[in-house]
Amino acid sequence: MARRSLSVVTVGLSLTAGGLLATGATSGLFRGRFANNGDEFERWIRVGLVVAAAAVGLLLFQWLKYRLAEPARRKVPPPQPDPRLLRKLRDDAAKALDEHHLRLDDVLTFVALVIDPPRHRQRVAETVGLEERVITQHVSVEFALPPVATPDVPRYVPVLSPMKGQLVDNFRLADASGRSLSDLSFVETTRLAAAGLILLLQNAAVGVIAAPEPDDGGDQLLPPDQITAEPVPEKTITELLEKLDPRLGDAYLFLLQEITWRGRVDPATAAENIASSLDLVGTLISADGRRQLQLYVLALSVAYPIVAVAPKEIVAGNRVLLRYERALVPAALSKRRRGLMRVLLGLNRGMLRVMLGIKPYQIALPLQLASTAASYHMRLNGPDNKYVLGQHFLCHGCGLDVARDWVPTADPQGEFGCFHTTTTDSESPRVRDPDRHFRLRPRSGQSFVHLYLRGFGSSTKPYFRDLYLLAQFKEVPPGSRAAAAVTAAACTALVGLMGHLVSANTQPASVPALLLAIPAAAASWFGFAGDAQTLVGSSLLARLSQLVTAAVCFVAIGVYFTSHHGHLPGGIAIVGISEPVWVGLFAVSAINFLYVSYRFALKLQRYHSLLRKREQVDLEDPLW
Amino acid sequence: MAADEQRQVRPADISDTYWQVPVSDYVPQGDAPERSIVDEPRRRLELVWDSAVKTLHADARHPDPDAETARRLREFTNLVEARKAERAEERRATEAETQAAAATAENPPSAGDIMLRIAHALMPATLVQRLLPERN
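Protein chains in written order, with UniProt numbering: chain A, 1 to 624; chain B, 1 to 136.
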């Protein structure tokens, strides 16, 4: 890391800005140099100096921002598999097979779970907790493993498939009782993947043979669409396997290279490579075998599976429940606006929240695990002092709430490339597709969101993609809005009292001014305390209101100790205040108080209505 | 209907800042065959497995396995690149046909266009150009 030293430019700009500001703040420097109107000229010169100091300060800020930016790093791509590595991997796989470290059942389980997860992942329950800057994901997966010939050995079960290039944080793997489990190393996983690839490739090659005709006298290779479902004699299989086309071996090497490719991989590029290579051996493998190979190699090209070693004790009747947890770091996003503040200072609502120390109150969670399981539960736990204000089960493309009359499509549809369309059948879609169901727990003032999905994952037919859950949390009343309303009320009352005293020409005393310091301190205290323990933040409105309260108090203290500011024309007085400055301060404080109180009352009423809501099943509105 | 419209929230319409959790896991892309490899007869799988083991050993016994692997991989990669180019060309042709079909559906060809196509099909291009220069 490069050391950041103090540069000449930084020092020069700082001294210039400081000098200009100091000179602009000093009076009497220029007055004597002018014969006439010295005060007037000096005033303008001082204003000019302050403006110049501000301009140099802005330049200094931009310069420091530029200096603080991350230096461009030299990008070195990760070392990619070469022929020597591939050969070693192949030899390692052969050795592992010799020493019975890898058995057919191990490889079959791995291949089946990579190609068709929804068939073998019966239930996935995901619980998401919100912490300071991360979310913690706790997932339990109930597997229905393929039957094996030797059940009294450990099973290799791929539990999750993070994308390549992604670092998995705070990962922990356990069984149903919470006991830690081991997982395969990178080398062991790659060896397993290599063995699975050759098994799939040769099985696909066997798929193209048909039973020999009586007068044929030998094996016959058929195009994939003419394959029969007749059982193939063992002798035929053995003979075919003994004289496999060497191109299959070449394809194996190429596909193994795709699997072992390191770093982030573009799925479209990988899919194109795989499809093109399988085109070259298209007549040597069956159509089903080709599809299996495509899915298998693509899954392992794009992602790196984490494979759990499940001891035989925890597998009962080929069913096993595994748990894992990890941490994910979300990004704070906001809609880009083109306002004046954004143009001048780069400020948007997200930046404003950062400045005021308020975290976003909404969270968007992708539901990709729903696509890998027969049934899926998502529970998003909010902080105890928050309740669920809104919950939406959405399509990420079009942003619409998922509806029961949606039908999944294989190809992207419409302007946003969504994988769904709307059924035009007059029959109820519940009748047409009873296997698919979803439900959100109704809002009743609770602090969590619970979504249940069934039938949203399928490897053999189109399924919904890019679905996510948007949850909005708000503070349980009274919360920070009540605190803001109370401090605004105190400020308004004190400003009104002092304005009244000053307008009545009462002798100024320091006690009222000291009283004004109380709401200012309270606003500062309530505004910047707390809110650091959880990911979702409190009210931005309350924070802004407290800032306004503090500002009014400080200005009022300053005004109180300065000279008399005159009266409103015509003897007008507002709640006994006739001085314009005090009228203005009182108006600002009163508006602040009224608005934050109004919003607080709204929130209170909303929360109360949620608390009174009785649970009832509304079949027409799953998002209630 | 009004209630449905109210419920519709587009991500772009989220008025405030929100946390976006990244998509972390790979999801299979569908299109798997109904019949899985685990549905195959056990005996057949065992035969395939034995053959797979033999294949791996046979490759490992090559006198110069590294050079052999490199040669095979290089040659096959070249073939794959050529095939990728062919596929790209096929896709372009398909897209062009689709666009042409869409354009035809919107603007049916005139009698002149049809005659021109027939002329192109029956006569050399230079002759067509000479006979029908303004339409060609």
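If you're looking for bench data, these hints aren't it; they were derived computationally from the structure.
Small disclaimer: the values here were computed from a predicted structure and weren't measured.
Take the hints with a grain of salt, since some may be wrong.
[What the hints assert, rightly or not] Below, simulated EDC-like cross-link-like pairs (lysine to aspartate or glutamate); rule was C-alpha separation at most 16 Å, straight line:
1) A/Lys461 with B/Glu34
2) B/Lys54 with A/Asp98
3) B/Lys84 with A/Asp152
4) B/Lys54 with A/Glu272
5) A/Lys88 with B/Glu97
6) A/Lys461 with B/Asp50
7) A/Lys88 with B/Glu34
8) A/Lys164 with A/Asp279
9) A/Lys312 with A/Asp152
10) A/Lys88 with B/Asp66
11) B/Lys54 with A/Asp266
12) A/Lys95 with B/Asp50
13) B/Lys84 with A/Asp279
14) A/Lys164 with B/Glu34
[As the list claims (entries may be wrong)] Chain B is nowhere near these chain A residues, computed Cβ spacing over 10 Å in every case:
15) Leu108
16) Ser334
17) Arg606
Glycine included, every Cβ here is placed at the ideal spot set by N, Cα and C.
Structure-based check of all given hints:
1. A/Lys461 with B/Glu34: With a Cα-Cα distance of about 9 Å, the restraint between lysine 461 of chain A and glutamate 34 of chain B holds, given a limit of 16 Å.
2. B/Lys54 with A/Asp98: Holds. Lysine 54 of chain B to aspartate 98 of chain A sits at ~10 Å (cutoff 16 Å).
3. B/Lys84 with A/Asp152: violated (46 Å)
4. B/Lys54 with A/Glu272: violated (30 Å)
5. A/Lys88 with B/Glu97: Cα-Cα ~47 Å, so violated.
6. A/Lys461 with B/Asp50: violated (33 Å)
7. A/Lys88 with B/Glu34: violated (35 Å)
8. A/Lys164 with A/Asp279: violated (26 Å)
9. A/Lys312 with A/Asp152: holds (6 Å)
10. A/Lys88 with B/Asp66: Measuring from Cα to Cα gives roughly 9 Å; hence the hint holds.
11. B/Lys54 with A/Asp266: violated (34 Å)
12. A/Lys95 with B/Asp50: Answer holds: lysine 95 of chain A to aspartate 50 of chain B is near 14 Å, not above 16 Å.
13. B/Lys84 with A/Asp279: holds (10 Å)
14. A/Lys164 with B/Glu34: violated (28 Å)
15. Leu108: Non-interface label fails for leucine 108 of chain A: nearest chain B Cβ at 6 Å, not farther than 10 Å.
16. Ser334: Given that some Cβ of chain B is not farther than 10 Å from that of serine 334 of chain A, nearest at about 4 Å, it is violated.
17. Arg606: Non-interface label on arginine 606 of chain A holds, nearest chain B Cβ at 15 Å vs cutoff 10 Å.
Consistency note: the structure conflicts with the earlier hints numbered 3, 4, 5, 6, 7, 8, 11, 14, 15, 16.
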